[in-house]
Each structure stands twice: as structure tokens, then as C-alpha cells.
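A.B. asks: Sequence:
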Amino acid sequence: MTGANGDDGDDVARAPWIPGPRRAADDHADLTADRAVDRAAEAHGDEHRAGHGAEAEETSGVEPEPDVPVLTHGVLKSLLGAWALSACSVGETKAVEDHLTACAPCADEALRLRDAVTLLHEDRDLDLDPLLRSRVLENCLGRRPARIPVPDWVTPYDAETARLDALLRDIGESEWHAPVRLKWYDGDRIVRRKSTVAGVIGHLLAVDGLVSAALGLDDPLGPHAPELSPSERTEAFWSGLDRPPNRMLRGPWREQSHTLIRTVSFAGRGVADLTVTYKDFALPLRDSLLERAFECWVHADDIANAVAYPYAPPSGAHLHGMIDLAARLLPAALAHRRRAGLAAPARDLVAAGAPGRSLHLEVEGAGGGHWYIALDSPAAIGSPERAVAQVAMDGVEFCQLVAGHISPEEAAAGQEGDREAIRDVLSAAASLSRL
24 MTGANGDDGD DVARAPWIPG PRRAADDHAD LTADRAVDRA AEAHGDEHRA GHGAEAEETS
84 GVEPEPDVPV LTHGVLKSLL GAWALSACSV GETKAVEDHL TACAPCADEA LRLRDAVTLL
144 HEDRDLDLDP LLRSRVLENC LGRRPARIPV PDWVTPYDAE TARLDALLRD IGESEWHAPV
204 RLKWYDGDRI VRRKSTVAGV IGHLLAVDGL VSAALGLDDP LGPHAPELSP SERTEAFWSG
264 LDRPPNRMLR GPWREQSHTL IRTVSFAGRG VADLTVTYKD FALPLRDSLL ERAFECWVHA
324 DDIANAVAYP YAPPSGAHLH GMIDLAARLL PAALAHRRRA GLAAPARDLV AAGAPGRSLH
384 LEVEGAGGGH WYIALDSPAA IGSPERAVAQ VAMDGVEFCQ LVAGHISPEE AAAGQEGDRE
444 AIRDVLSAAA SLSRL
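Quick note, our numbering runs 23 ahead of the 1-based positions in the sequence shown.
Incorrect hints may appear among the rest.
To be verified - Only pairs whose alpha carbons sit at most 30 Å apart, straight line, appear in this in silico DSS-like list of lysine-lysine:
#1 K206 with K302
#2 K100 with K117
#3 K302 with K217
#4 K217 with K206
Because the hints were derived from the structure by calculation, they are not lab data.
Using the sequences provided together with the hints, build the complete structure.
C.D. replies: Structure (C-alpha cells):
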């Protein structure tokens with residue numbers, strides 16, 4: 024950095040100017056100098072009051088010039104750290120600051136030390152960055168990839184169980200008994216069930232046991248548990264507890280989820296097609312773990328609402344997979360409702376694998392996309408050319424409909440075309456919900 028000399032105009036190299044450290048009276052005052060001034064004032068008080076009263080008043084507040092020691096470059100450099108911390112005497116401070124105006128290397132070092140000192144006093148948020156875990160894992164795996172990686176189709180379940188576990192770690196003992204109101208659809212009827220945070224974890228533990236049993240692992244209902252639906256398993260688990268559900272269920276639930284992920288990861292590629300039976304229906308393991316991830320998120324959101332805890336939807340990629348699973352299940356759900364007399368009869372049956380009448384489901388937002396739902400037969404193929412209706416809605420809103428948290432009448436933001444087909448598909452989506 025250069026500057027102009029006011030007298031001769033020559034350019035002279037100057038070190039950067041650095042403001043001195045903040046002075047503190049108890050740290051930096053030269054007490055010996057102050058006592059000397061006091062003794063001088065006492066000795067000559069009469070003379071000042073008699074002949075120089077006005078001059079004494081003007082100069083009484085002036086501090087004496089500090090005694091500036093003559094120090095070598097090495098000593099001054101060693102004082103830079105103390106100077107940055109405001110730990111030098113007045114004379115040493117003046118000597119260091121005079122030296123900084125002439126020595127550029129020391130001035131640069133002083134600037135770095137002063138910046139470092141400001142970091143020691145900065146107020147910082149003690150909460151960890153929510154993305155810290157993912158960044159650390161990404162960095163570690165980038166340096167050393169996992170020997171046995173988690174399959175892509177298992178990652179939604181891995182992510183949602185980890186997010187719920189983080190929520191459970193944050194809540195207090197009393198919040199485990201906070202009331203949680205569960206709601207789902209049975210036919211066209213809304214069903215409600217009261218539970219607690221601990222009761223919901225017991226429900227997840229019991230239903231995940233279906234996947235455990237399919238893999239030959241321990242079933243939380245015991246080795247001789249009969250074939251039960253998810254709702255029946257939950258009621259059996261709750262009634263079999265010696266005491267009301269409490270936070271002690273978190274350990275078995277988390278250990279079970281870790282065991283499932285570890286077992287599937289080591290099992291290899293063929294395990295994805297293993298069948299998991301839910302009594303009334305069955306899913307391949309690939310879809311079953313995606314369904315378990317969906318239910319884990321839905322019930323984590325129920326718990327978060329009960330304890331006033333902020334909780335975000337899944338990532339866009341995972342949400343897309345959950346929506347895709349629901350869309351693939353809709354034709355069968357619609358056929359089931361038709362057999363029960365809850366949906367309009369089929370209008371145009373076609374051969375298996377042929378394009379049939381369809382509803383265009385357009386899901387917006389994160390995880391969104393376009394799906395064509397076959398209306399008349401699960402064996403038909405949804406086709407844009409044969410679409411007779413269109414429904415547009417937000418991705419999270421669609422998942423709330425599938426979870427039974429909102430009604431078909433509340434769900435669709437945009438509807439066009441065959442009203443009967445729209446009503447039947449939205450009702451079928453709500454019928455996918457259960458305890």
C-alpha cells in the first residue's frame with residue numbers, strides 16, 4: 024500500500040495502519056506515573072493556585088507521556104500476541120504500535136492475531152448444523168466407500184428411521200406420554216384411535232416385525248405369533264405389555280430398524296423380491312421397506328405435532344418413491360372398492376396389458392411427477408391417450424390423503440374431466456390408509 028508525502032510528493036511505502044487495542048483502566052494505567060503526578064500536585068499546589076490557577080485547570084486532565092522502552096525487533100515481534108490480547112503495558116503498547124508503522128511483516132502478523140482474537144469473543148449458536156451429519160458421512164464415504172453399501176431402495180427407510188430417532192432423542196421423559204390422535208379411513212368411514220408417543224413407537228415396532236419375520240429375524244410378537252394384519256399386530260403388542268408404553272420402547276425399535284437395514288445390505292441383490300405378507304395383501308421387500316419408510320414419516324409427523332416439534336417432509340427423491348408406490352397400488356385398491364360396492368362399475372374392460380381408461384394424476388412440488396391410473400382393471404395399463412380425467416395436487420398433500428389425514432373432498436387442488444372417475448380414485452387413495 025502506498026501513500027503521498029505532503030512535503031515533497033515522493034511515494035513512500037507504508038505498513039497498514041492498525042487501531043490499537045481497547046484500553047482498560049485496571050490493566051493499562053501507569054500507577055507509578057499517577058502517584059508521581061499526585062505528589063507533584065501536593066508539593067506545588069499553593070504556587071499553582073496563586074499564580075497559575077487557570078493554566079492548572081487546563082492541564083490537570085492531561086496524561087503524562089508514557090515511558091517508551093527501546094526494544095529490539097525480536098522483542099517487539101514477541102510482544103505481538105500480548106499486544107493483540109491487550110496485555111501490554113502502556114509503554115510497551117506505544118513501542119509496538121510505533122514499530123508496526125514501519126515494519127510491514129510485523130503489521131501483517133498483527134492483523135492476523137487481532138482477527139484471531141475477535142473469534143475468541145464472538146457469540147456463537149451452540150446448536151449443530153442440521154446438515155453436519157450428512158456432510159461428515161459424505162466426506163467419510165467419499166474417502167473410503169462402504170465395503171457393504173446400503174442398497175438405494177433401502178435408503179428411504181434408513182433416512183426416515185434416523186430422522187424419527189433424532190426427534191425421539193430430543194424430547195423429554197414426560198413427552199413420551201403426550202397424547203397422539205391417529206386417524207385413517209376404513210371404507211368411507213373415518214376411524215380415530217387415541218395413543219401416546221410411546222404407543223406409536225410400539226405400533227411401528229410391531230408392524231416392522233412383519234418385515235423381520237419375512238427375513239427370518241426375531242419377531243417382537245414372539246416366535247409363534249399368528250398371521251395378523253398390521254392393526255391386529257399393533258393391538259396384540261399393546262395388550263401384551265406389562266405396563267403402559269414408555270420411552271423404553273425406543274431401544275428395541277431402533278435396534279430392529281438397524282438389524283433390518285444391516286441384514287438386507289448383506290443379503291445381496293435377490294432379497295429385494297422377497298415377499299412380505301400383511302395378511303390381506305403382500306408386497307415385495309423392495310416396496311415393503313418403502314411403505315415402512317412412508318409410515319415412519321407419517322407417524323413421526325403425528326408425534327411432532329403432539330409435542331410441538333418442527334418436522335420436514337422427506338427429501339424429494341424419497342418422496343417421489345413413496346408417491347410412485349401409492350400410484351402403483353391405486354388400480355388394485357380401486358378394484359377392491361368396486362367389489363365392495365364403494366366405487367362405480369367398470370365401463371370398458373380391456374385385455375390384460377392393454378391401454379385402458381385412465382386418470383392423469385399430476386403431483387406438483389418436491390417428489391412430483393405424472394402418473395396414469397388405470398380405472399377399469401388392475402391388469403390394464405394407464406395411458407395418456409385414454410385419459411378421461413386429470414387431478415393436480417401437491418406431493419405432501421397427496422401423501423396426507425394416502426395416510427388418511429385429509430379427506431378426498433379436501434385433497435385435490437385442480438380437477439378436470441370425468442367427475443365419477445376423480446371421486447373414485449381419490450377415495451381409493453384414502454382407502455390405502457390404515458393404523
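A.B. asks: Determine for every hint whether it applies to the structure shown.
C.D. replies: Hints and how they fare:
1. K206 with K302: Measuring from Cα to Cα gives roughly 21 Å; hence the hint holds.
2. K100 with K117: 14 Å, holds
3. K302 with K217: 24 Å, holds
4. K217 with K206: Between K217 and K206 the Cα gap is close to 9 Å, so the pair holds against 30 Å.
This entry satisfies every hint, going by the numbered hints stated previously.
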